Amino acid sequence: MKFKSPVPVKWIAEFISAELIGNSEGQVTGLNEIHKVEPGDIVFVDHPKYYDKCINSAASFIIINKKTTFPEGKALLVVDAPFDAYLKLVHHFRPFTPSSKPISESAVIGQDTVVFPNVFIGNNVIIGDNCIIHPNVSIYDDAVIGNNVVIHSGTTIGSDAFYFNTKKDREVWYKKMESCGRVVIEDDVEIGAGCTLDRGVSGDTIIGRGTKFDNMVHIGHDTVIGKNCLFAAQVAVAGAVIIEDGVILWGQVGVSKTLTIGANAVIFAQSGVASSIEGNKVYFGTPVEDANIKKREIVLLKRLPEIWEKVKNLK
Amino acid sequence: MKFKSPVPVKWIAEFISAELIGNSEGQVTGLNEIHKVEPGDIVFVDHPKYYDKCINSAASFIIINKKTTFPEGKALLVVDAPFDAYLKLVHHFRPFTPSSKPISESAVIGQDTVVFPNVFIGNNVIIGDNCIIHPNVSIYDDAVIGNNVVIHSGTTIGSDAFYFNTKKDREVWYKKMESCGRVVIEDDVEIGAGCTLDRGVSGDTIIGRGTKFDNMVHIGHDTVIGKNCLFAAQVAVAGAVIIEDGVILWGQVGVSKTLTIGANAVIFAQSGVASSIEGNKVYFGTPVEDANIKKREIVLLKRLPEIWEKVKNLK
Amino acid sequence: MKFKSPVPVKWIAEFISAELIGNSEGQVTGLNEIHKVEPGDIVFVDHPKYYDKCINSAASFIIINKKTTFPEGKALLVVDAPFDAYLKLVHHFRPFTPSSKPISESAVIGQDTVVFPNVFIGNNVIIGDNCIIHPNVSIYDDAVIGNNVVIHSGTTIGSDAFYFNTKKDREVWYKKMESCGRVVIEDDVEIGAGCTLDRGVSGDTIIGRGTKFDNMVHIGHDTVIGKNCLFAAQVAVAGAVIIEDGVILWGQVGVSKTLTIGANAVIFAQSGVASSIEGNKVYFGTPVEDANIKKREIVLLKRLPEIWEKVKNLK
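Quick note, the sequences are listed as chains A, B and C, same order.
Numbering of the first sequence is given in our numbering, commencing with residue 164 and proceeding in unit increments.
Numbering of the second sequence is given in our numbering, commencing with residue 164 and proceeding in unit increments.
Numbering of the third sequence is given in our numbering, commencing with residue 164 and proceeding in unit increments.
Keep in mind that the hints were calculated from the coordinates and are not lab data.
Computed from a predicted structure; not experimentally measured.
One or more hints might be untrue.
[Said to hold, decoys possible] So the derived label-pair ranges between C-beta atoms look like this:
hint	chain 1	residue 1	chain 2	residue 2	range
1	B	V271	A	R333	32 to 42 Å
2	A	S263	B	S269	24 to 34 Å
3	B	E268	C	I266	42 to 52 Å
4	C	D275	A	Y213	31 to 41 Å
5	B	F256	A	S439	25 to 35 Å
6	C	P202	A	T329	34 to 44 Å
7	B	V445	A	S263	23 to 33 Å
[Unchecked claim] Listed next, the in silico DSSO-like pairs over lysine-lysine satisfying Cα-Cα at most 30 Å (straight line):
hint	chain 1	residue 1	chain 2	residue 2
8	B	K331	B	K216
9	C	K465	A	K458
10	B	K457	C	K475
11	B	K165	A	K458
12	A	K478	C	K475
13	C	K457	A	K465
14	A	K465	B	K444
15	A	K339	C	K444
16	A	K330	A	K458
17	A	K420	B	K420
18	B	K331	A	K465
19	A	K237	A	K330
20	B	K420	B	K165
21	B	K444	C	K444
22	A	K465	C	K458
23	C	K420	C	K216
Backbone N, C-alpha and C fix where the C-beta goes; we use that ideal spot for every residue, glycine too.
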């Protein structure tokens, strides 16, 4: 997330009780985790495995648990527990102030938009014109929804990222990475009933213009979906995925995290996408492969008894 | 859907600015899309590929974008954009007038039926006697629910069909086919938590007497499910499917559109049904086959390394 | 479930019009179905196939439709329809008295717990300190929720078990086993959006401390999940399953009923678990097997065309 105005890194260092090394006069413009960093951002890293990646990322300020070398112009903020320091900053700059009203007074709702009964709309939500928000929809804080968007009943927009800091030497292994990102839904999108769209950990989950989801579609944090995509019922897409324009996912397809699906790819029902795939092709299977090759495999699978009969006495 | 009373085709032709050819004195009794037509109905067709099917269907009146031959007694209504003309009729005869109350005043609720807090019940909904509607259920307009029906929390009854008119030469590829059909739930049905049942595009989605759904079951538009079926959690059935009486679908089964599953078929968990299958059999796999044959395949799959060792040096 | 105080078996026999044979002076301390019986419990059995199992279980009192031999110290309560007698007892001891308020007056909510708008909290629910219950969550009667628990929108806690008495000679085949058990969620658990957790038929469904669920996770009745487990989106676990501590289920995994998954097992996405598996291993496939063996199978599957070419002319 971006701060409302730049924050002196000196102030942040003092706030989280960090030793500040390097560019102590810098101004911090945003807070992000490593998937989504830009110059001016502050990030954290607490595992030696990721030190290099983090220090050499676009981020300008690094909360870290070890003094080490870093590029000129950047700064380290050295603390014992970088994750806790990061959470302290999230809580300070995006405090949890739950709306006690079904529709927050800070929400903005456009002209000719219909909001049915039993809908929840959180703080700072923006909804465009000519939308229909069906009953029992929940829209968490900070979501941005364009014009002509339809959201069916029971759907959740902006639930927290499923993203945890893991340490197996404490009683509770998984400590939550607080989400401060948003969900952004562009114009002319339709979201079915019972869907769940998680917001970004620190960036945005984006649904592109004209994309349509059937019921019970799940979209993970920070995933970016292109324009004119079509997802059938019970599709699940994990976090930090990029799905380009015009992609069709048929029912119950699963997509693993941090991968890319190229434009106009079509993936048949119940398939599983475990790594990045090219666009303009048709896929099938778990893990997916070219649909024609997969279909040939299925035909030959039925011949396995025959194959076995032929070979069982070979040595 | 059926009109409340017959409508002169002449009036409709004028309303949608169509050239009327043929039986200009006819009375239109209903509006339907091609999956669900009866004599007296008006339908639309905009793609040459479907001209013949549509003109020779049971429908009596055809909105079309080309003058062509047609059976005696029928009429063509020729317009440039049949889909838009169809939508204009849907909006006129089933206008969208969202209830602003959690329970619409036009809804009828039977004796000894319990409606929990935070339930939404739309216009013209009919609910029978001795039902339990758990909290946060959403029931869209026009749904019909029998006696002794239980619907668990978070479930949506009557969300719109996932059904679009596709044209890739416009900025927004998918244009929504407005649903004017209903969901009809017969007596003694139980629907789990977090389920979604789409209403018919113009006909009815029907759940037969005594059928039981576990949680997160999805049923597509115009699908007709028989009596005494049992669907486990996370089953997804696409649109315009026929499932006969006594069918059992175990967890996470997916069923593709416009097919039939015969009575008393049993389908094991995570299977995918891609085409029609006979009743009174047990199935497994994606795509499904006879469960015993599939199990034999799975046993032989485990022998693939052995098979490969035996054959790799053959030529 | 346990009764609030012991109930004389004589009183119960009279209440359900049963012939009482054996220990007629006994005190009944609880009502359970066969998956969850303890000494002092009363159970029912109506099928000869299960007579022995039931009579020789830990239960002290057996509602049965046949006079037969039984261990000393126990009692039989002989009736024509044991299932109906059981339901009569459930209705008497745990009557259905739905709360007409969004938050029942008998619910207890801890300090610093945030309950968002449009949440339903039923009778006798207990929620600990420092929890967040997001909008449109439904919590059925008798659920127990610990401290520091987060539940996201649209989730249902405590829906009825999917558990029926089946008789195909009546018009409605499936007659509901009324649930009188609970859901118990321990401290530091996070439940995603759109999840459904069924309560026990007569025992408890338990989610262990520190376990985290992503969105649309389904948990069946009487299932017991250990501490520090991680379930990704659209996982479905059937009823009466035991999942030990530290288990990871990736997206869309399905788990069949009445089995055990050992501690620290990891199961890759879209896998199906059909029988008990050991802990400390990594699994993949439907049905699951060792992930490395499964991966080798997948590699060899791609060689099936080559294998077929090599063997098709063998005889």
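| field | 30 Å limit on alpha-carbon distance, applied to hinted pair B:K457 and C:K475 | value | Holds, at roughly 21 Å.
| query | Given the hinted pair B:K420 and B:K165, is their alpha-carbon gap at most 30 Å? | reply | It holds: about 24 Å lies between the C-alpha atoms, which stays within 30 Å.
| request: Determine whether the Cβ-Cβ distance between B:E268 and C:I266 falls within the hinted range of 42 to 52 Å. | output: violated, 26 Å
| When you check the alpha-carbon spacing of B:K444 and C:K444, does it fall within 30 Å? | Violated. B:K444 to C:K444 sits at ~35 Å, over the 30 Å cutoff.
| Restraint status (C-alpha distance of C:K457 to A:K465 at most 30 Å) | Distance ~18 Å between C:K457 and A:K465 Cα, so the pair holds.
| field | Satisfaction of the hinted span 34 to 44 Å by the C-beta atoms belonging to C:P202 and A:T329 | value | holds, 42 Å
| said: Holds or violated: the 24 to 34 Å window for the beta-carbon distance between A:S263 and B:S269? | reply: Holds, at about 32 Å.
| said: Run the distance test for C:K465 versus A:K458: straight-line Cα separation, threshold 30 Å. | reply: Holds, at roughly 11 Å.
| request: Take the C-alpha atoms of A:K339 and C:K444, compute the straight-line distance between them, and say whether it is at most 30 Å. | output: holds, 26 Å
| Between B:K165 and A:K458, is the straight-line Cα distance small enough, at 30 Å or below? | This hinted pair is violated, its Cα atoms lying about 43 Å apart.
| Can the restraint linking A:K330 and A:K458 be considered satisfied, given a maximum Cα separation of 30 Å? | violated, 43 Å
| field | Restraint check for A:K420 with B:K420, where alpha carbons must lie at most 30 Å apart | value | holds, 29 Å
Figure legend: structure checked against the earlier numbered hints; hints not met, in rising order: 1, 3, 5, 7, 11, 16, 18 and 21.
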